[in-house]
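Visitor: So the sequence lines, in the order shown, correspond to chains U, V, E and F.
Going by numbering that gives the first Met the number 0, the first residue of the first sequence is number 0, and it counts up by one from there.
Going by numbering that gives the first Met the number 0, the first residue of the second sequence is number 0, and it counts up by one from there.
Going by numbering that gives the first Met the number 0, the first residue of the third sequence is number 0, and it counts up by one from there.
Going by numbering that gives the first Met the number 0, the first residue of the fourth sequence is number 0, and it counts up by one from there.
Quick caveat, the hints were computed from the structure, so don't treat them as lab data.
Given the structure is predicted, the values throughout are model-derived calculations rather than measurements.
One or more of the hints may lead you astray.
Identical copies carry no separate label here, and so any pair may be met within one copy or between two of them.
In silico BS3-like pairs for lysine-lysine, Cα to Cα no more than 27 Å straight-line [what the hints assert, rightly or not]:
no., residue 1, residue 2
1, LYS42, LYS70
2, LYS115, LYS8
3, LYS205, LYS77
4, LYS70, LYS173
5, LYS62, LYS229
4 protein chains.
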Amino acid sequence: MLETLIVKKTKPKKLRSPVLVTGLPGIGLIGQVVGRYMVEELKAKKIANLVSPHFPHQVFMTKRGGIRIIKNSFYLFKGKKRDLVFLLGDIQAMSSPGQYEVSGKIIDYCKELRIKEVITVGGYSTGQMVEEKRLFGVATSDKLRKKFGKMGVIFGEAKGSIVGAAGLLPAIAKINGLDGSCIMGETHGSYIDTAAAKQIVVLLSKYLGVPVNLKRLNERAKESQKILKKVQEEVQNAMEQQEEATSRNVSYIR
Amino acid sequence: MLETLIVKKTKPKKLRSPVLVTGLPGIGLIGQVVGRYMVEELKAKKIANLVSPHFPHQVFMTKRGGIRIIKNSFYLFKGKKRDLVFLLGDIQAMSSPGQYEVSGKIIDYCKELRIKEVITVGGYSTGQMVEEKRLFGVATSDKLRKKFGKMGVIFGEAKGSIVGAAGLLPAIAKINGLDGSCIMGETHGSYIDTAAAKQIVVLLSKYLGVPVNLKRLNERAKESQKILKKVQEEVQNAMEQQEEATSRNVSYIR
Amino acid sequence: MLETLIVKKTKPKKLRSPVLVTGLPGIGLIGQVVGRYMVEELKAKKIANLVSPHFPHQVFMTKRGGIRIIKNSFYLFKGKKRDLVFLLGDIQAMSSPGQYEVSGKIIDYCKELRIKEVITVGGYSTGQMVEEKRLFGVATSDKLRKKFGKMGVIFGEAKGSIVGAAGLLPAIAKINGLDGSCIMGETHGSYIDTAAAKQIVVLLSKYLGVPVNLKRLNERAKESQKILKKVQEEVQNAMEQQEEATSRNVSYIR
Amino acid sequence: MLETLIVKKTKPKKLRSPVLVTGLPGIGLIGQVVGRYMVEELKAKKIANLVSPHFPHQVFMTKRGGIRIIKNSFYLFKGKKRDLVFLLGDIQAMSSPGQYEVSGKIIDYCKELRIKEVITVGGYSTGQMVEEKRLFGVATSDKLRKKFGKMGVIFGEAKGSIVGAAGLLPAIAKINGLDGSCIMGETHGSYIDTAAAKQIVVLLSKYLGVPVNLKRLNERAKESQKILKKVQEEVQNAMEQQEEATSRNVSYIR
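With the rest of the complex left out, here is chain U (with noise of 0.2 Å):
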């Protein structure tokens, strides 16, 4: 495996006006919670998985027995207007060349599925509680900030850059010719946000015309916690052991 690879398990045809939404972990978890929340509520079906020689070189066992590669994965909803893809995982890629490879491959998939807009979901840190909290967005057209702008988000007022996934992916996007943008909730940054994960939950339903019932996200959102700090604490300690090998001299004889 010498590139990142789109496992595909369906090939979906004819979608009417999709969108890539994506949910992955990030500032105060809010695109995780996001995505997963209504990859749930919606009952999308997973058509592909994504494994790539920049995550971790380590697979998860699972309850009953069986081996969980690191991976993101992509879900259809079939909407009454719009087909929605959403990206979902635990983890992004380890490296810069890492991350511009899986986005570019996240954005040749899309190309393949005639997606024309990508929709990144994150958090927009402050270090300061607030109870009125505002959701900002940055967009490749002015198009799109009207549109996300008439719901509310605001444009123009977040500053400096966006790391990862959530910025790359509309970056890549606009320069293969699709649109793009990236919702973020203005939160403290060091926990998980629910609160503002479900504003976006909101306006994601209202902008993409699908109804998502908000009583469980507080629930899920905690599963949502307790999997993502499982996968850190496996990473990490795998690292550590790597490490400590390395210090008593079996080092990299795995």
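Fit chains V, E and F to the known structure of chain U by using the hints.
Guide: Just chains V, E and F now, kept in the frame of chain U:
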């Protein structure tokens, strides 16, 4: 050499339900001891070597003045029911992308040989000494879980993740339509565990339908350990020399 | 995105003895100030962007709510005698292999545009303050050394090595049959040097046969510095966040 | 430039049993001194350069105002019996994958020139001063061991591993059907060893059937050392500047 390379010595034809069994270095040296012992007892013949840019850039000097590149090797045993291909080696790739590349090349080779099943052998480190050692397993299909389960392998109890080829090989096997499992001997983790290795040899001997005499296992395990230790020391020395050179301003000018 | 990519906005045809002039960040910010100033004064038009997996994996949020990927850009000025292509950018590749890849792609693009000459602009750090700043040069041919020499550029006195694109571009140009030179302004090295930049603008303006008004240079240099500083801070912040995340066990899970 | 590149100046035809002899930097500078001395004494002609993304991303300024990219070079000497190709260079690749890539490209070039034998020259560091210096060897075939053995080279006594091109080249040669050997002069290891170099020149001169006068070797060895030292300092300086820049927040913005 831009990519991992499999150097074939012969092209075996028409293997009968061939299976790959790996014996690479890892926890408690179990995989390596099991693999090497079975290859020697069964007098399996070497059919290919694997060299990789992700192995250390050094070669070993042999006792008779030869050069041994760092490599993994494939051995073939023509069994009565099934043909067995073993993968042995003193080292695994040194980076995540390297691990994925090497595992991918191994599975490509399996497909070339029409291998449909991959079994990796490893250790499950508990940090404790136990009298009754258990065998844990993970597998990519119910069929395998059932088959190994009947022979006493415990599925669904081992927790956490498997680092390196022992985990990646069955996972990448699955992506390519092959079945895979990883059999782990319960072990303390910080010393060579011949008791656990013995149990796995007994299991595999039965599972694969080949008779393997156990009486030489203890002494051969010591040899395995000696070889691995030498490899580790050499690689470590080379790394230290390079570090020392760096500090003396002669850095990567080797 | 597996490789550095040049995204063309237009395909300029029949350029007249075109030359590439680079203005990338480096010692004393001289190259960047010179390049950006000439592009703005000459109102050169953007013809292509260069994006690379060897740039940091983050994007900038713009004031109007847009997304700016980290990139280098090519600008074309149709001169009376020669057509000039400028290369600007806030960053260079982050690793040696990345530097070679990016420089190679730039020279490939030069060949596509039938550019036969490459001029890079940099600073020659002396660690000293001098009143009379000299211009030093290196070049791949006697012809260039003669031409620049007549205009006061000193060849054969600068010692040591040139790091990054300022050195690699003319060197790789030569391998590909193009001529190349690097013009360096004598500078202290640790602050932005507009005096040195001014001298090089005067030189290039004469050498390339384009009139460039100098009066806005000082103020624009400040802008350049502001932009670069912002870029640096953003990249630095992202790196620190990632490091901090690593220490809090949330590592490459962004 | 995505890969190591061999830039050919001429395409030598019909070489007579050609052999590659390498003189790259390494222990005691022995290889480099031997190679450079033989090239100069035999007045071998440069036939190709090798540049690589795995070399440092910097160029040297020459005394006459030229640009020298970091490279290795091939030289051809048309002998009476055999044609000799020498490989010289101030540096080796900076990573394991880089070392494998460069060595692989060198062997590809050997095959193009129909070279069937590769001889690398290195030092065998004992950490001790000895009066009678021995020559140790490793080789890929009995034939070579016999031939060199008759001339006093000792096989089977040197222990451990050979790091870098001196070891990888004969090993990768063998994989490609070429013969290879590494001749090592016994040396203390931490200073330049012209006595050991002299012995190897005498050996190779006899083995290859070319007369080489030894009288200038001492003085030329000093030159070699001077050149290498300069290269090392430059690379080191560049690395330190980059590190310092990193600590001042201007990091990879060169």
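Visitor: Does each hint fit the structure? Answer for all of them.
Guide: Consistency of the hints with the structure:
no. : hint            : verdict
1   : LYS42 to LYS70  : within (20 Å within a copy, 39 Å between copies)
2   : LYS115 to LYS8  : both (22 Å within a copy, 20 Å between copies)
3   : LYS205 to LYS77 : within (16 Å within a copy, 50 Å between copies)
4   : LYS70 to LYS173 : both (25 Å within a copy, 14 Å between copies)
5   : LYS62 to LYS229 : within (13 Å within a copy, 38 Å between copies)
The structure agrees with every numbered hint stated previously.
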